[in-house]
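So the protein lines, in turn, are chains A and B. Under this note's numbering, the first sequence is numbered contiguously, ending at residue 373. Under this note's numbering, the second sequence is numbered contiguously, ending at residue 271.
These aren't lab readings, by the way, just hints derived from the structure by calculation. Note that the structure is predicted; figures quoted are calculated from it, not measured. Glycine included, C-beta positions come from ideal geometry on N, C-alpha and C. Mixed in with the good hints there might be a few duds.
Claimed, not checked - Partial pick of chain A residues on the chain B-facing surface, computed with a CB cut under 7 Å:
1) V176
2) G178
3) S290
4) H354
5) Q360
6) V362
7) T365
What the hints assert, rightly or not - Ranges of calculated distance between the beta carbons of each label pair, as one might list FRET restraints:
8) A:S155 - B:E154: 57 to 65 Å
9) B:D98 - A:G57: 46 to 54 Å
10) A:G199 - B:E104: 49 to 57 Å
11) B:S201 - A:T107: 31 to 39 Å
12) B:S162 - A:S253: 39 to 47 Å
13) B:L155 - A:T107: 48 to 56 Å
14) B:D98 - A:G199: 54 to 62 Å
15) B:E148 - A:S231: 17 to 25 Å
16) B:R151 - A:P301: 29 to 37 Å
Claimed, not checked - Which residues of chain B face chain A? A partial, calculated answer using Cβ under 8 Å:
17) L53
18) G82
19) D85
20) S89
21) W114
22) P178
23) T244
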Amino acid sequence: MTGRYITVERPGLLTTVQDLGRRGYQHLGIPVAGAADSFAIRVANLLVGNNETDACLECTLSGPTLRWSRDAVIAITGAEVEGIPTWRPVRIAAGEVLNLSRFTHGCRAYVAVAGGIDVPSVLGSRSTYVRANLGGYQGRALKSGDHLTLGELRHQPPLAIRSIPVHHRPSYSSSPSLRVLHGPQADWLADAAWAELLSVQFSVSTQSDRMGLRLRSDRPLLPEKSLVTAGKQLISEPTVAGSLQLPPDGHPILLLADCQTLGGYPKPATVISADLPLLAQLRPRDTVQFRLVSLQEAQHLLRTQQQVISTLKYALSMP
Amino acid sequence: MAHYLTIRRTVRCFQIQQTRPTIHSVQIVTLGDSSVLIQLGSHADAATLARVHALTQLLRATQLQGVTDIIPSYTTIGVHYDLLVFSEADPEQRVRTWLEQQASKVTQRKLSGQSHVIPVCYEPPYALDLDEVARLTELTQAEVISLHTEPLYTVSAVGFLPGFPYLSGLPAKLNLPRRSTPRTSISPGSVAIAAGQAGIYPLNSPGGWHVLGRTPVRLFTPEADPPTLLSPGDTLRFQPISARKFEQLVKAGVR
Numbered sequence: 055m056t057g058r059y060i061t062v063e064r065p066g067l068l069t070t071v072q073d074l075g076r077r078g079y080q081h082l083g084i085p086v087a088g089a090a091d092s093f094a095i096r097v098a099n100l101l102v103g104n105n106e107t108d109a110c111l112e113c114t115l116s117g118p119t120l121r122w123s124r125d126a127v128i129a130i131t132g133a134e135v136e137g138i139p140t141w142r143p144v145r146i147a148a149g150e151v152l153n154l155s156r157f158t159h160g161c162r163a164y165v166a167v168a169g170g171i172d173v174p175s176v177l178g179s180r181s182t183y184v185r186a187n188l189g190g191y192q193g194r195a196l197k198s199g200d201h202l203t204l205g206e207l208r209h210q211p212p213l214a215i216r217s218i219p220v221h222h223r224p225s226y227s228s229s230p231s232l233r234v235l236h237g238p239q240a241d242w243l244a245d246a247a248w249a250e251l252l253s254v255q256f257s258v259s260t261q262s263d264r265m266g267l268r269l270r271s272d273r274p275l276l277p278e279k280s281l282v283t284a285g286k287q288l289i290s291e292p293t294v295a296g297s298l299q300l301p302p303d304g305h306p307i308l309l310l311a312d313c314q315t316l317g318g319y320p321k322p323a324t325v326i327s328a329d330l331p332l333l334a335q336l337r338p339r340d341t342v343q344f345r346l347v348s349l350q351e352a353q354h355l356l357r358t359q360q361q362v363i364s365t366l367k368y369a370l371s372m373p
Numbered sequence: 017m018a019h020y021l022t023i024r025r026t027v028r029c030f031q032i033q034q035t036r037p038t039i040h041s042v043q044i045v046t047l048g049d050s051s052v053l054i055q056l057g058s059h060a061d062a063a064t065l066a067r068v069h070a071l072t073q074l075l076r077a078t079q080l081q082g083v084t085d086i087i088p089s090y091t092t093i094g095v096h097y098d099l100l101v102f103s104e105a106d107p108e109q110r111v112r113t114w115l116e117q118q119a120s121k122v123t124q125r126k127l128s129g130q131s132h133v134i135p136v137c138y139e140p141p142y143a144l145d146l147d148e149v150a151r152l153t154e155l156t157q158a159e160v161i162s163l164h165t166e167p168l169y170t171v172s173a174v175g176f177l178p179g180f181p182y183l184s185g186l187p188a189k190l191n192l193p194r195r196s197t198p199r200t201s202i203s204p205g206s207v208a209i210a211a212g213q214a215g216i217y218p219l220n221s222p223g224g225w226h227v228l229g230r231t232p233v234r235l236f237t238p239e240a241d242p243p244t245l246l247s248p249g250d251t252l253r254f255q256p257i258s259a260r261k262f263e264q265l266v267k268a269g270v271r
């Protein structure tokens, strides 16, 4: 093989090609997919001179080992990875081997490469949706020996830039307080149950994936506690990433990027969009608490987060 | 197979009987900071479904800038938007106003969509649960097949998997709960029933429905536009075919 490409020496736990997701097909049962942490992937792209929408690698808990065919510029954001600076452009030399297997903080690291990962766009996106073998690199997670072709350089990577300051990043934590709105079935929970939902510390179960994070607590929100109006059944309806679903066992599920388009469990609350990056970086056994905010506050917080991206774009366009 | 293709392309409209010419109240609730649900009824009946699909069509026709997904289900429509596209201080209010305007126009409860004929082989090795369904419903296998092929089904919603149709119209005699132990793997094209509904598995997947047969028709083709054979609001009938015909159609690669 000639040209600019990456060879996957070891694939890591779950490494997929992702971009900002597939919009406009949910009515046909096709999930949005895309990067679970959309803030991190957009910053990673901007740091190497790519468009925000370019395809990157999403690496989970233990990342891949990658070999570069040519000199390249990359940026890693999201999770912190041992042995390599994050949230800034980094030069890679031809033949260099990069081992991303050890994460020190967070669950998902994004690897942007100047030029982007060149895979075909399927239904308007390069995101991988593994369950339907759709998009990304052959519709699946990466394997040893895969060769990923890189796209044409769009802009000169902004190598002079220093690391994005911590206060401009989402407040990643292994015990975050996630801000929620009232969901469509908010009134299915009694006041006491709401008080419980907003005071209990939940831990993240190991049975969590890109579809959703399963939460556990000592005190499940059981229907017997009259949390859910007795016998009330929900007719399946649309869901959204961030929806807090409450199945009959009383252990909430927080929906993520690959969530099913329709669901039949009540959704008393929804995590705000600005906090979805915090959700994406939770590992099994991390803990979360919930805090209720207003719609106006949620919208304001998302706009504030967008301001960071806009400022970064502006700064990078300066000579 | 040209036969199936021709039928698929015909468009059928039919009127759901109108009982009251009143405009139903709609309720709009916040789903998230970038999405709302519009509720058109509290029961998953044919009239509500017809109104859901009529409004879905109106929303698609009058597309509001910034709206990314319009997702109909039995009694609700999910509307996702990119709030950063809106110049208004309160984007949700803008979306609500648009939804209310369009909902007020839904007076005709007309269900329209493409109509399809789906060939199904009800023979071994495809009819995994035909025997058990016959036993549980106290019918003969021939009666089960006849009941299953009789109705004109409506695609109430598409979800669970890309292209998986939730079909309403299953005769009450075939109403069975899901299997107590779901199968870990169900083959693409499997035609199945559970919980008063019929469905077709577009992809290999775990599943708890009773499999009555298999269709050679592809329900999900990512490179096609639209990528799924069936859309919400479409109607379909099942047509029995022999195992030999099934294999011929698989070889020919029908879509």
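Evaluation of the provided hints:
1. Taking 7 Å as the C-beta cut-off, the interface hint given for V176 of chain A holds, the closest approach to chain B being about 5 Å.
2. At a threshold of 7 Å, the smallest CB-CB gap from G178 of chain A to chain B is about 10 Å, leaving the interface hint violated.
3. With 7 Å as the threshold, the beta carbon of S290 of chain A comes within range of chain B, its nearest partner Cβ sitting at about 6 Å, so the hint holds.
4. Taking 7 Å as the C-beta cut-off, the interface hint given for H354 of chain A is violated, the closest approach to chain B being about 10 Å.
5. About 5 Å separates the beta-carbon of Q360 of chain A from the nearest beta-carbon of chain B, less than 7 Å, and the hint is met.
6. Interface restraint check for V362 of chain A: the shortest CB-CB distance to chain B comes to about 13 Å, outside 7 Å, so the restraint is violated.
7. Taking 7 Å as the C-beta cut-off, the interface hint given for T365 of chain A is violated, the closest approach to chain B being about 14 Å.
8. The hinted range of 57 to 65 Å is satisfied by S155 of chain A and E154 of chain B, whose Cβ atoms lie roughly 59 Å apart.
9. Between D98 of chain B and G57 of chain A the C-beta distance comes to about 35 Å, which lies outside the given range of 46 to 54 Å.
10. Range check, G199 of chain A to E104 of chain B: Cβ separation about 51 Å, and the 49 to 57 Å hint holds.
11. Take S201 of chain B and T107 of chain A: their Cβ atoms lie about 35 Å apart, and the range 31 to 39 Å holds.
12. In this structure the supplied range 39 to 47 Å is violated for S162 of chain B paired with S253 of chain A, their Cβ-Cβ distance being about 57 Å.
13. Checking the proposed 48 to 56 Å range against L155 of chain B and T107 of chain A shows it holds: the Cβ atoms sit about 54 Å from each other.
14. At roughly 38 Å, the beta carbons of D98 of chain B and G199 of chain A sit outside the given window of 54 to 62 Å.
15. Look at E148 of chain B against S231 of chain A: about 50 Å separates their beta carbons, and that is not inside 17 to 25 Å.
16. Distance hint check: the CB atoms of R151 of chain B and P301 of chain A are about 31 Å apart, consistent with the given range 29 to 37 Å.
17. The beta carbon of L53 of chain B comes within 5 Å of a beta carbon in chain A, closer than 8 Å, and the hint placing it at the interface holds.
18. Annotation: G82 of chain B was flagged as interfacial toward chain A, and the flag is violated, the nearest CB pair being 11 Å apart, outside 8 Å.
19. Taking 8 Å as the C-beta contact cut-off toward chain A, the hint placing D85 of chain B at the interface holds, the least distance being around 5 Å.
20. Annotation: interface hint on S89 of chain B holds; nearest CB of chain A at approximately 5 Å, less than 8 Å.
21. Here the hint on W114 of chain B is broken, as its CB sits about 17 Å from the closest CB of chain A, past 8 Å.
22. About 5 Å separates the beta-carbon of P178 of chain B from the nearest beta-carbon of chain A, less than 8 Å, and the hint is met.
23. At a threshold of 8 Å, the smallest CB-CB gap from T244 of chain B to chain A is about 4 Å, leaving the interface hint in force.
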